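Q: Protein chains in written order, with the numbering used here: chain A, 112 to 343; chain B, 35 to 811.
Calculated from the structure, these hints are not laboratory results. For clarity, every value in this text was computed on a predicted model and none was experimentally measured. Ideal Cβ positions, reconstructed from N, Cα and C, are used throughout, including at glycine. Fair warning: there could be bad hints in the mix.
Covered stretches of chain B (chain A as the covering partner; in silico rule of three or more C-beta atoms under 8 Å from a C-beta of chain A) [as the list claims (entries may be wrong)]:
hint	segment
1	326 to 336
2	416 to 424
3	725 to 737
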Amino acid sequence: MLLEMKDIRKSFGKGDSHVEVLRGISLSVKKGEFCVLLGPSGSGKSTLLNIIGGIDTADSGEIYIGGERMNMMKEKQLTRYRREHLGYIFQMYNLIPNLTVRENIEVGAYLGKNPLNVEEILHTLGLYEHRDKLPNQLSGGQQQRTSIGRAIVKNPDILLCDEPTGALDYNTSREILRLIERISLKYRTTIIMVTHNEAIGAMADTVIRLRDGRIRDRVENAVRLSAEQLEW
Amino acid sequence: MNNKTGNPLRRRFLRELRGEFGKYAVIFVLLVLTIGLISGFLVADGSMIIAYRESFEKYNIEDGNFRTDEEISKSNRRDIEDLGITLYDNYYIEKGSDRENTLRIFRDREQVNLLCLMEGQAPQNPGEMVLDRMYADNNGIAVGDSVRFGLEKYKVTGLVAFPDYSALFRDNNDAMFDAVRFGVAAVGKEDFDKFPSDELVYNYSWKYNTPPASTEEEKELSDQLMEDIAEEIYLEDFLPRYLNQAIQFTGEDMGGDRAMMLILLYIMIVIIAFVFVITISDTIARESAVIGTLRASGYTKTELVRHYMVLPLMVTLAAALAGNILGYTYLKQVCADMYYGSYSLPTYVTVWNAEAFVLTTVVPFLIMVAATFLTLRHRLSLSPLQFLRRELRRRGRSRAFRLSPRIPFSARFGLRIFFQNMGSYVILFVGVLFANLLLLFGLALPAVLDRYQESMQDNMLCRYQYFLKIPAYRMDRDYELEKIVSSAFLRLSAATSNEDAEAFSSYTLRIPEGEALRTENIQVYGIKKNSRYIHAEIGRGEIYISSAYADKCRIRAGDTIRLKEPYENKCYEFTVDGIYDYMGGLCMFMRNEDLTETFGLFDDYTSGYFSDSEITDISRDLVASIIDYDALIKISRQLDVSMGGMMIIVDGFSVILFMVLLYLLSKMIIEKNAQPISMTKILGYSNAEISRLYVVTTSVVTLLILAVTIPMENIIMKFIFMNYLAARMSGWITYDIPDAIFYKMFLIGAATYFVVAVFEMRKIHSIPMSDALKDVV
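Please build the complete structure, drawing on both the sequences and the hints.
A: This is the structure we're talking about:
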């Protein structure tokens, strides 16, 4: 197993405003697996993703990445873990405004020990023609493609996607999903994607549904639909 | 294939610089001006201090001088030299030039106090003279010009610096030197020997055969020497080098200036560091999501701290470099010229001053490194998630406090902006306080001097005070017979038939060391009962002191003061009965009978006359000095000449500082609100309405800060002025500035802000509506 989580609990606030966001989550993800975390707002899926990404901590429970216990790591080790193993894609693209598309991708490449070829990524993402543009000259989809480029160029073991299509229209969302699918197949990257869009689950190997901080069900898709086939 | 690239974040630097050109340009200019001015000053000051200190040896400056009323005999000279000193004749005569100035003319020196020739050549022929360079500059005299004394005419062959007159004090008791009205010159032996002997002043310089090792030893040695010499000859004056203002003032002043400039530098650096702290915090807030993403992607905190440190430090470094170049070239010359405008200094060689470089470049750079590093380390210590969520406050989410709906919307809006930008306004407060302090300094000094000159006209004891020549020994108890004879002689020969004249007696005492910030002479006047000129009912045994003395030494009626004999350790104590309104000097008034009794003088002892009209029937040979309006305003005239130019620089600098701070801070406030401004545009607010909402708050705050800080600055300036003057200058000038100066300051501040407000409005106009819809950052 690449990722194993045991009885993860997390709560926020104190007294009256105390909220238990995760109430004993246990799950595992294999290397190269495409896992979708589904659930409504407040179900705890983003919190879970942040804990996996090492940018948030669990109150209790155990997390293992490649056999190494993550929640024993100090801040520096967590940074190194993120640097070496993770790629992040957010709903808001968070690109650096005064760097071009190519340079934004290079920001990711700089972190990898053995990064992918930036030119190839640009071609793969259909951004080659836009490589010298600044983010404010791009559409939302192009910006998200750039942020995907930034995340995958360092050749991460796990790609964490937090509502990557949340801010995009239907067609652009499908386009982004196609891209993530291609990355999954081409680079055999483990992908964990948070979404509230049920339809996206069909393109994953595993769909984990969350509700009120608990896993409601876990479904292994016998057949993965291609992003092209998705409709919602 | 290794696709590893260099850190792409580096490519942001130039773009960031271009994008924020205005901000970095003003910081750059401010730093260049500050570092340039201070490094230029320190290099000029350092080089000149070196030249000044070296001049003691290079030009063989005397260890002291004394004056007698006649040439000393060979046997007296031998006896005096047996006291462990070597004597040098340093006779002079004083002549009034056709410009109504006084020139003290020496013989060209060959052994002590050698002249530093700065231009032209030494007098080779009769009728030629060399003139003090500063006096010549102040009076527009050049080499080749002629100086006339009645029928006599001298051709100026060279301009020189007299090392024993680096500050042109005519009299060591003068509050200030006057390089416009008083100068020194030297002629060849042949010309000097032609001067009538009765006009000669017998001044002798001495050098110790074994120089004292310390100032304390020098004081002890000179005290003993004075007593020993006084046993041999009649001393008119005795002035050891350490007390000689003409020699010491320059060195003390240059040292004091240096301290002031360094304080100015570090205040400026701290303000600029604050500006950096605010801009960095602003950048972090603006790029919060990017930082969160970079941190989530694996960028370390150190990498980001380094990244955000680079640009401010690059700007600081570039400014330090440019400032040093400017300082070492142009501004050094400006500062040197300012010194040459104040002091008659010898030629100097620019000495590269490692200390100046460290103080103006290395230390400020390290302060900037520390300020930016600590700010960034603090600001970037939040978790990636907090950055992603833009939760940049450590103490949880900020809560809006309730503002009554009865407050009009625009006022509530303004208050919200005020509270949102409190940090920036605090910086603005500090910056305005400091910038206006500089402005007040620039405006107040000329005003204080003008006020002083004006008030002197109404505040003189009389239009002319004549002090008669009374040799020091003639006051001494050991010379009873001489006292009787010379007193009778003076009474007869210095009698006047001028009806305005009123005789007074006087005595000079000195403030003992440690009793006040500065030890200086106090003129004690013995006045007649029902004096025409001193309008105070001073009874027997009563002591009044001048208001200048009271102000300077903070003495009130009822206080006891201690004064000593200038050349002895004998002390006197007096209880002050009243303050007499007189700002022209530090003096004390008592009844004539009390003065003669206190100091053991004859009952009819007379030192001079008060008079409202010129006394023409006393030989000028018997008159030691005349205090008239010109003499009283000497201190203000010289300050005007030596500091007037600098005041303009100070004014300009303070306005630039004020403008830069306002520009930077208001720019940040508007940038911080770019999205809401854009949104209000979408909602249909006009540019004018939005400008009112956003600019009015800063305008009100700026005007309030101006109004609040001006009285504070006045208090601070008064404190600085009083302590500075008390410690650095003999005499006193009251810190009294007209209210118009404060209105002027307010108006300059408001006008400066108006210029900045125009930039602000233009900035608001240029914010596109699309900003509100952006998700880029």
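Q: Does each hint hold? Answer for all of them.
A: Status of each hint after checking the structure:
1. 326 to 336: holds (count 10)
2. 416 to 424: Holds, because 4 residues of the segment 416 to 424 of chain B bring their Cβ atoms closer than 8 Å to Cβ atoms of chain A.
3. 725 to 737: violated (count 0)
Checked against the numbered hints above, the structure breaks only hint 3 and satisfies the rest.
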